[in-house]
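Chemist: For the protein sequence lines, the chains are Y and C, in the order given.
The numbers in the working numbering rise by one with no breaks, and the one at position 87 of the first sequence is 164.
The numbers in the working numbering rise by one with no breaks, and the one at position 268 of the second sequence is 652.
Honestly, the hints are just simulated from the structure, not real lab data.
Derived lysine-lysine pairs resembling DSS-like cross-links, with alpha carbons at most 27 Å apart:
#1 C:Lys-510 / Y:Lys-135
#2 Y:Lys-280 / C:Lys-393
#3 Y:Lys-325 / C:Lys-510
Where chain Y lies over chain C, by a calculated footprint (3+ residues, C-beta under 8 Å):
#4 418-429
#5 474-484
#6 507-519
#7 629-640
#8 647-656
We put the beta carbon where it would ideally sit given N, CA and C, even for glycine.
Single-letter residue listing:
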Amino acid sequence: MAGVAEVGRARPRGTLSERFVRFWNRYLLFIYTGLAIVYLMAPVAVMALFSFNNPAGKSNFVWQGFTLDAWQNIFAVPGLQSAVTISLGIAFASTMIATVLGTLIALALARHDFRGRSTTNLFIFLPMATPEIVLGASLLTLFVAIGTPPFFPLSAITILIAHIMFNISFVVVTVRARLAGFPVHLEEAAMDLGANEWTTFRKVTFPLILPGVMAAALLAFSLSIDDFVITNFTSGGTVTFPMFIYAKARIGIPPQVNVVGTIIFLTAVGLVAVSTIVARRRNLHDEAIARRLLAETDAS
Amino acid sequence: MGGFLRRHKRVVPYLLLAPGLLWLTLFYVLPGIQMFVTSFWSGTLETGYAFALSNISNYTTALEKFAPQFTRSIVYGAAATLLTFAISYPLAYTIAFRGGRYKNLLLFLVVAPFFTSFLLRTVSWKVILGDTGILLGPLKNIGILPSEFQVLATPIAVVAGITYNFLPFMTLPIYVSLEKIDKRLVEAAQDLFASNFGAFRRITFPLSLAGVFAGSLLTFIPAMGDYINAELLGSPQTTMIGNVIQNQFLTQNDYPTASALSFLLMAGILIAVAIYARLLGTEELTSGGV
Chain Y
78 MAGVAEVGRA RPRGTLSERF VRFWNRYLLF IYTGLAIVYL MAPVAVMALF
128 SFNNPAGKSN FVWQGFTLDA WQNIFAVPGL QSAVTISLGI AFASTMIATV
178 LGTLIALALA RHDFRGRSTT NLFIFLPMAT PEIVLGASLL TLFVAIGTPP
228 FFPLSAITIL IAHIMFNISF VVVTVRARLA GFPVHLEEAA MDLGANEWTT
278 FRKVTFPLIL PGVMAAALLA FSLSIDDFVI TNFTSGGTVT FPMFIYAKAR
328 IGIPPQVNVV GTIIFLTAVG LVAVSTIVAR RRNLHDEAIA RRLLAETDAS
Chain C
385 MGGFLRRHKR VVPYLLLAPG LLWLTLFYVL PGIQMFVTSF WSGTLETGYA
435 FALSNISNYT TALEKFAPQF TRSIVYGAAA TLLTFAISYP LAYTIAFRGG
485 RYKNLLLFLV VAPFFTSFLL RTVSWKVILG DTGILLGPLK NIGILPSEFQ
535 VLATPIAVVA GITYNFLPFM TLPIYVSLEK IDKRLVEAAQ DLFASNFGAF
585 RRITFPLSLA GVFAGSLLTF IPAMGDYINA ELLGSPQTTM IGNVIQNQFL
635 TQNDYPTASA LSFLLMAGIL IAVAIYARLL GTEELTSGGV
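The following block holds chain C by itself, in its conformation from the complex (with noise of 0.2 Å):
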């Protein structure tokens, strides 16, 4: 066995690869194609199904009936991006450049949430914001707030459930890029005379622009194909395409429709992720990423 890895030495990599890779083809890959051709099928589940390429009516007819979800999936997984970024960057930027010896702490910290149950972390939102609940009830009795004012059940709520359950997704890569930063660049542009805003806009944001990119698409990702924030949180108004997407396949069993929904939201995200490596490369994507 020695031996022979001495003697061939390039196929190492490849043993190692292997099992692994193999497990993704088979259910990652595999099921991908088989959604694609899912998504041709017509027929029920009591008929049985046909594939024909005709069925490529099941992609025009579920853009026009769910075009609401899929405008509302875009908008408020947007918004949501631009809030975590918002209250990522300024985070990041403390932990990275003012952290000192509290830096692994505050990271931490940022992260600790997280173990958390993600539908518990939901599910508490819903009794901060409830209608009388910690955060309004007590606005409304001494009046700032009228009494009729909600939150939960608007799509405010379902974009602050998605912009805090995917936060560090956008916190870490911003962090990891500032980190990398060669501190004595800054102090440069600063010896230079530039102000410290001049240095920040000149030097430091740029170079941390990789982080920002990746952190907004593994935001707006996730963001987009959420259901849970827009079920607990939200109202029937305010239905996102995944909630469309698990009703169609657990509920209505219209897979072909259900499958044409997810593959279209998938073939959305690979263009996203084509030009992202296009432009930065594939190596920021697995090495920024956590």
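With the rest of the complex left out, here is chain Y (with noise of 0.2 Å):
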């Protein structure tokens, strides 16, 4: 006993228990990560494994068999091919607008100084924090209002309006992140060397900015493809692939909507992806190219 002991001293195992605790505390917090993460997960992988159900009736809820058929046949559901176009559709244009006048905004505020400034802020802050079923809400009244047709018509055109409102705060926010730390100095050396302004955004500020605008416009457009709430209230008749999948949701769901979900899923973490890797090889190929000159100069 005593032996043990003096190993104890030496090297702290103590007891079985003592053992436990102690890898539990060393531990814990990333047992508890993973939970999390596979909590955070579990559904993404309910929606993919669903995909592959072979439903008896029209209820995708229960697990009967596994089929390809759904992936061989994505469009064989009427109206779901024309929902998803008419997402992608208003998607892509939401995210090019949203994205010039976000990105101007977010230059604005974090490259000058100007009164207003913090009022901006919080406007640019407000349609973030009004909850969704206000904005479309509002935006129902404003087109009801001053709609008698044919001013408003709720459409495809009333949807773009409004995800181009929601989007903008997003782009704003996004790119102000990555402008947070911007070299000035480079920009002046342009000026210095004859660039005019110009030339110097085009040349100089818009490739540094370039990875930020893009993370916002891949945030946009997962927020425009995915929105629900505001749709709803300004879309009429139109019929775009999250309204499609609320309007099965009570009937059920066809497996196809499952592979258009997992397809959009995985187009999303394969672009992030390789925006990632991209852009680590960029700073990689940059340290490079800088340990070079520095190797030069201390030579000479």
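Using the hints, put the two chains back together into the complex; each one sits in its own frame.
Modeler: Below, the structure is given as structure tokens:
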């Protein structure tokens, strides 16, 4: 016994329960994080799994058997193809416009000191803080009030207007975050070398903020393609992909919808992964050049 | 053009702001004003509407009639916010302090599920929590749970759904605030003989409070306005104010009542944001948000 105690002092081992407590303390947070990620991923996994289900009736809530049928005939469900097409179109258009408008605001907020800056900050935050239902409902009251047709019949256009509106703030926030450590001296250097504002923007500023702009566009696209609440208020008879899901949610969602959901998920994850890898490569490349330049100056 | 800009440098930020802010004015501010006006209307879609200040009765009637739904929205929203906090804090803490080189990967895994459709995620919970589903089915078969036990169509399912769907709004701001903490402060506390927990309680946690507040606001607001979780996972006994607003607007076409309800919801939120901005400033809101 004494020998064990000696060893224990030299290398803390202790009894089984003490070791268990130590193991628990050291790994508890990691175990917890693992469980949390399982919890977060569970619904996605279920969605993907049920895209391979072979449901007996309309309802796709109980596992019946494996089939590739839904993957092979994605658009066999009437209305699904047009809903997906409309959603993609609105997402592309709203992303393009909101990204341009939002990036301009982000440039103003991050690079310029002007009167009304903090008011603008608050103004940008408010649409993000407003519940979607209020955004959608208030737009509907506006369209109803001025809308004795033909002004604003609810359609894909009113959906687009709404999506641009709620996307602007998210673009501003994302681009601004990337502008935080912006190297202003590079622009000054370009100007000193005789470039005008436009050339400086095109050759220096824009390439530097591009990763941020791309991230913002990705976010805007995924927000737009997933929006149900605001779209529900501004769509009229137009059926987007989320509207299609909602309509089917009670009578049973066909597995084809899960297929489209899975494809959207994999595409988004793939795009993020690719952009991360590209950014990391570029950083490594830049670092290598910097290191070589340093070595050369040291040598001379 | 270039010459003009150089001479009038102070105009540049306003030129950059103009198009975006114009869009927000037309399609965010103006609808808000219109909603306020509409809430003072009387009449119906068929007879036409008339504006009168005496129609403030729209508000009192709406509040009386839909008091249970308002209460439920606040209770469910608050419960979900507490739960997201309880789940998010250890998660954000682990990623910020123990993440090491897997930090970005872990963050990505937290956000990744939200690249799937909100509706499909919620429907998936319906599959998972179903009375004979993946979770309850086996537990009932081995007799741990009585066969009549159910989660779906109860407030628990609604709160669980809201908690899940708004989790990143809590996790990300807390992560951002933890990440900013100078780790040397924690080490200094430990050098001064603070226990691990003592250092956490006196240094780390207080410094992360800005993120906790931002996260609570960003979670509670959409949670209170949500109606999809109540619709898909709940029952007629779990309807929230969002369900009422959507029903009044899109099914009953009772625009004045629906506008009054939306405006009450919005007014509550504006007060919360104003208090927040007063206490912690506006910069945190748009920088810690994402």
